[in-house]
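Q: Sequence lines, in order, name chains A and B.
So the first sequence is numbered by our numbering: it starts at 1 and just counts up by one.
So the second sequence is numbered by our numbering: it starts at 1001 and just counts up by one.
What the hints contain is simulated information worked out from the structure, not anything from laboratory work.
All of these numbers come straight from a predicted model, not from anything done at the bench.
Warning: the hint list may mix true and false statements.
Derived lysine-lysine pairs resembling DSSO-like cross-links, with alpha carbons at most 27 Å apart [what the hints assert, rightly or not]:
1) A:97 - A:165
2) B:1035 - B:1008
3) B:1035 - A:37
4) A:477 - B:1010
5) B:1034 - A:37
6) B:1035 - A:506
7) A:165 - A:218
8) B:1008 - A:248
9) A:37 - B:1008
10) A:477 - B:1034
11) A:97 - B:1034
12) A:300 - A:215
13) B:1035 - A:97
14) A:37 - A:248
15) B:1035 - A:477
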Amino acid sequence: MYHYDDFDRTLVTERVSEFRDQVARRLSGALTEEEFKPLRLMNGVYLQLHAYMLRIAIPYGTLSSEQMRTLAHVARRYDRNYGHFTTRQNIQFNWIKLEELPDAMTDLARGGLHGMQTSGNCVRNITTDQWAGVAPDEIEDPRIWAEILRQHSTMHPEFSFLPRKFKIALTAATHDRAAIRVHDIGLRLHRNGAGETGFEVIVGGGLGRTPFVGKTIKPFLPKRDLLSYVEAVLRVYNQYGRRDNIYKARIKILVHELGAEKFGAEVDAEWQKIKDGALALDPAFAADVAARFVYPDYEKLADGPAELTQARKNDTEFERWFKNSVSSHKVDGYAIVTLSLKPEGAPPGDATAEQMDAIADLADRHSFGEIRVGHEQNLVLPHVAQRDLYALWQSLYKIGVATPNVGLVSDIIACPGLDYCSLANTRSIPVAQELTRRFGDLALAQNLGRLHINISGCINACGHHHVGHIGLLGVEKNGEEYYQITLGGKADEDARLGALLGPAVKYDDVADVVEDVVATYVELRERPDELFVDTVKRIGIEPFKERIYAAR
Amino acid sequence: MTAPQQQKLKITGPVVVTANRLGDGAVVYFTAGKKWTTRIEDAAVVSTTPAATEFLQSAIADDVGAVGPYIAPVRLEGATIKPGNLRESIRLQGPTFELPASFGI
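Using the sequences and the hints, build the whole thing.
A: As structure tokens, this is what we get:
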């Protein structure tokens, strides 16, 4: 866990006081909505279909048990007893009242939580691998660099009014769990030929109306240059990014129009001017930030303790969950546990206040008080002793977060869609719910292997449909809900955009069509362990298209 | 999608003026007396562009009562006023699935 200092606490507290005054002035009529809207957005407050929505940042996806209890309290006291974890390591409360928001924010601030820069044309919440610091395949903890970037970009005066929002993600692992190639800036920590660690800098990735996989403009950036180089990227974007057309305002359009090489040259030219100035990172500063991350005092344990082996042998349900939801940890005797927020028939990513409180208690008991939030809208207990896994599973099962479907067909990523969002064309959640019922047979889901379905209710692509193995995009036609289907997208180190299957299908037919797509895959896969996405890559979408549309 | 607030005013059937109440964001409708109500049955229904424009202008002028007023289609079933599309139906009735508050423990 990172421990905030007095500077952070003061900043958040002062912001809440400021916002309390702004809300009072709005409610009295002293501020018009036109004047107030940018102020509320700067604090993560949106107006949705039925109510205000408050989006709270969970920097680099790390939460303490106390913070989780604070979220539970806010859900219970100010909302309708639940919260929604998003694809960008945020949580959203959908039923907040403006008149109660200052009190809710005061309570959140006590837990070190806030909504600053979760909206608006600024650098948004910095995200990373939900397994950061514990993943066996990472070279170091990327959260240290995420925290440095968080500090630098929070209320940065030059970057508070960018042409459009700006999203940064990092990973330090071989396998990209943070979708860095579809962010405005993706940073991959790796070692160069000389054994030094630095960043591959990828820019111009993004989804939405015009999706692009990011391009590498710096294969290796020394750590000391992280802030100056990111600053240079932002300056070039701030100067040349289009402000005349909201649909062309993201950095991905600029990178595409200039070309990655020219964009990179512009960044380099800017960077040369500032790289040896105040932004050159002093190793002592980075060490100081690193020292504020307090790591668990792990016991010396061995992998595969007898009690775990016994439980796996005796309890087939536990064994199924273990194989699906438990992952290797970098420390012997420990494990990373993913908590599925995708039980059959439930809205993806939602957790009730009672679940949040129970998870906080379990984190205290089994995970050194730490919880992570992943962009797949699941939670993680990152430091569980393997000997405790059976007891933990029994507790998780009781609170409905032990469905063994992590990474499987029913582990669906979905945006809130038309049931909440004022921008959406179609519903996403009911489609996801129906699909989880269709694929509720866990043995079948396991047989299908890793298969990601992503659903967005509009072209803004909050459900990341372009990078779903199966992507569903809701479109409206003559007042009716239709869904375009894409196949073969990926968000990892081999990121690519899905290909359009064919004409959009009606709301009532979409679950049938997805079932047919999956059945076609089962028929055409080369061997039982060929993943869906690999089958699509091997044979293309034509065989799927023929099968789906011939029958309709 | 273009939000209803940004769409050009084009009246082709019965409509109401709707918005979200400032203090709590609740869905509200403009009445014939130019007040806000949460009851769609009390909304003023108009069917012409001049009438809709006049109501909308009055609603916009009340910047403290409600936020983001716009014209929304309705269906008339006898004397009953029903939302005219799915979006408006969801705004009136809430999400189309059971909220997760009852799920879990």
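Q: Decide if the proposed pair is consistent with the structure: residue 477 of chain A and residue 1010 of chain B, CA atoms, cutoff 27 Å inclusive.
A: holds (18 Å)
Q: Has the given pair, residue 1035 of chain B with residue 477 of chain A, been kept, meaning a C-alpha gap of at most 27 Å?
A: Violated, because 34 Å separates the two Cα atoms, which is more than 27 Å.
Q: Holds or violated: residue 97 of chain A with residue 165 of chain A, Cα cutoff 27 Å?
A: Within the cut-off at roughly 25 Å; holds.
Q: For the pair supplied as a hint, residue 37 of chain A and residue 248 of chain A, confirm whether the alpha-carbon distance does not exceed 27 Å.
A: OK: residue 37 of chain A and residue 248 of chain A at ~23 Å, within 27 Å.
Q: Does the structure keep residue 477 of chain A and residue 1034 of chain B at a Cα separation of 27 Å or less?
A: Measuring from Cα to Cα gives roughly 34 Å; hence the hint is violated.
Q: Is the hinted pair residue 300 of chain A and residue 215 of chain A satisfied, with a Cα-Cα distance of at most 27 Å?
A: violated (43 Å)
Q: Compare the distance between the alpha carbons of residue 1035 of chain B and residue 1008 of chain B with 27 Å, and conclude whether the hinted pair is satisfied.
A: Holds - the C-alpha atoms of residue 1008 of chain B and residue 1035 of chain B are around 24 Å apart, at most 27 Å.
Q: Measure nothing beyond the straight line between the CA atoms of residue 1034 of chain B and residue 37 of chain A; if it is 27 Å or shorter, mark the hint as holding.
A: holds (24 Å)
Q: Holds or violated: residue 1035 of chain B with residue 37 of chain A, Cα cutoff 27 Å?
A: holds (23 Å)
Q: Please work out if residue 1035 of chain B and residue 97 of chain A have their alpha carbons no farther apart than 27 Å.
A: holds (20 Å)
Q: Residue 1035 of chain B and residue 506 of chain A were given as a pair; does the straight-line alpha-carbon distance stay at or below 27 Å?
A: This hinted pair is violated, its Cα atoms lying about 39 Å apart.
Q: Run the distance test for residue 165 of chain A versus residue 218 of chain A: straight-line Cα separation, threshold 27 Å.
A: holds (22 Å)
In this structure, the hints that do not hold are numbers 6, 10, 12, 15, in rising order.
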